[in-house]
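Trainee: The residues making up each chain are set out below.
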Amino acid sequence: GNSVTQMEGPVTLSEEAFLTINCTYTATGYPSLFWYVQYPGEGLQLLLKATKADDKGSNKGFEATYRKETTSFHLEKGSVQVSDSAVYFCALLNTGGFKTIFGAGTRLFVKA
Amino acid sequence: NAGVTQTPKFRVLKTGQSMTLLCAQDMNHEYMYWYRQDPGMGLRLIHYSVGEGTTAKGEVPDGYNVSRLKKQNFLLGLESAAPSQTSVYFCASSLQMNTEAFFGQGTRLTVV
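Sequences listed follow chains A and B, in order. Letter by letter, the first sequence follows residues 267 to 378 in the working numbering. Letter by letter, the second sequence follows residues 935 to 1046 in the working numbering.
Keep in mind that the hints are not guaranteed to be accurate.
[Stated by the list, open to error] Heads up, simulated DSSO-like pairs for lysine-lysine below, C-alpha to C-alpha not over 30 Å straight-line:
(1) A:Lys365 with A:Lys315
(2) B:Lys943 with A:Lys326
(3) B:Lys991 with A:Lys365
(4) A:Lys322 with A:Lys343
(5) A:Lys365 with B:Lys1004
(6) B:Lys991 with A:Lys315
(7) A:Lys365 with B:Lys1005
(8) A:Lys377 with A:Lys365
(9) A:Lys315 with B:Lys1005
(10) A:Lys334 with A:Lys315
(11) A:Lys315 with B:Lys948
(12) A:Lys365 with A:Lys334
(13) A:Lys365 with B:Lys943
Please keep in mind that the hints were generated in silico from the structure rather than gathered at the bench. If you're wondering where the values come from, they're calculated on a predicted model, not measured in any experiment.
Only chain B is shown next, with the shape it has when bound in the complex:
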């Protein structure tokens, strides 16, 4: 059971570099989410998607873009990385409304 898979697991970027984080789920879930986790702040929603081809902004969307071209994949892009984007990023998915979220293992990103 793969569930939600994130790649890569770790990455170090220099300020100004770009990268894409990939999230894949094999549960046929409609909804997908990207969160960031910072010490003492819990999880904050960056962007989310309610279905293939749709995306929407969460609490902290600035500096990030997303795409959901296929139902099973949700990509998070950083066009010009900043040290403030050093964080652990989690992808999650849920089947439909009123159902719990399933999480990936996380990506630890350091921007130097």
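Pulled out of the complex, with its shape left as it was, chain A reads as follows:
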């Protein structure tokens, strides 16, 4: 079946540090991949997406590249800010599907 596995948190970084949150997936077919972000007390917001192999999604300084050979979609940011503190969810949506499959989420704390 389809599933998403992401690194457990929490991840604690100092401001301006480099961020990587690992995400791997299992899917039949060729899914679209997403990163959602949930700020404290809010719902999930789409951060970025990639719809085919080797696509790079990017937004607000975050990037992730769809790697079919390693079934991965790792989230990276070169220099995190305190305002990036949130929970990040990796997710997939299979071709012809409409039910998004979410990972367990990774909480990020950024210290000033």
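Starting from the known structure of chain A, arrange chain B on it as the hints suggest.
Mentor: Below, chain B alone, put in the same frame as chain A:
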């Protein structure tokens, strides 16, 4: 831009009480979903709808019912609340197949 709106935002119920959570979207989306979010478990799909007048079970449907009488609204009902239903509930919608989901702000429900 209202997007997806959930009411109420917070609620405390006694065991055995009933309630309805309302979700409204103004984006003319076909698909709507109810998720619950519990610590360490990510988001789990309760029920979903692929169009007005349709509903279907997700991963964790027991103890919940839903209705979609109008395209823009998706109601989640708890007929007899149990402490195990203490959670944060999110409604989401998507335009069609292969498109990302948009989320509401969530409803924090506590059953005592």
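Trainee: If a hint holds in the structure, say so; if it does not, say that too.
Mentor: These are the hints, each one checked on the structure:
This hinted pair checks out: Lys365 of chain A and Lys315 of chain A have alpha carbons roughly 15 Å apart, not beyond 30 Å. Annotation: proposed proximity of Lys943 of chain B to Lys326 of chain A holds, straight-line Cα distance about 28 Å (limit 30 Å). Among the hinted pairs, Lys991 of chain B with Lys365 of chain A is consistent with the structure: their alpha-carbon atoms are about 12 Å apart, no more than 30 Å. Using a Cα cut-off of 30 Å, the hinted pair Lys322 of chain A and Lys343 of chain A holds, with the two alpha carbons roughly 13 Å apart.
Only pairs whose Cα atoms come within 30 Å are accepted, and Lys365 of chain A paired with Lys1004 of chain B is accepted, the gap being roughly 20 Å. Between the alpha carbons of Lys991 of chain B and Lys315 of chain A the distance comes to roughly 27 Å, so the proposed pair stays at or under 30 Å and holds. A distance of roughly 18 Å separates the Cα atoms of Lys365 of chain A and Lys1005 of chain B; the hinted pair therefore holds under the 30 Å criterion. With a CA separation close to 35 Å, the supplied pair Lys377 of chain A and Lys365 of chain A exceeds the 30 Å bound.
Of the supplied pair hints, the one linking Lys315 of chain A and Lys1005 of chain B holds, its CA atoms being roughly 27 Å apart against a limit of 30 Å. Between Lys334 of chain A and Lys315 of chain A the CA atoms are separated by roughly 14 Å; this keeps the pair inside 30 Å, and the hint holds. Simply put, Lys315 of chain A and Lys948 of chain B have alpha-carbon atoms about 41 Å apart, too far for the 30 Å limit, and the pair is violated. Distance check on the hinted pair: Lys365 of chain A and Lys334 of chain A sit about 21 Å apart at the alpha-carbon level, within 30 Å; holds.
Distance check on the hinted pair: Lys365 of chain A and Lys943 of chain B sit about 24 Å apart at the alpha-carbon level, within 30 Å; holds.
When held up to the earlier numbered hints, the structure conflicts with 8 and 11 and fits the remainder.
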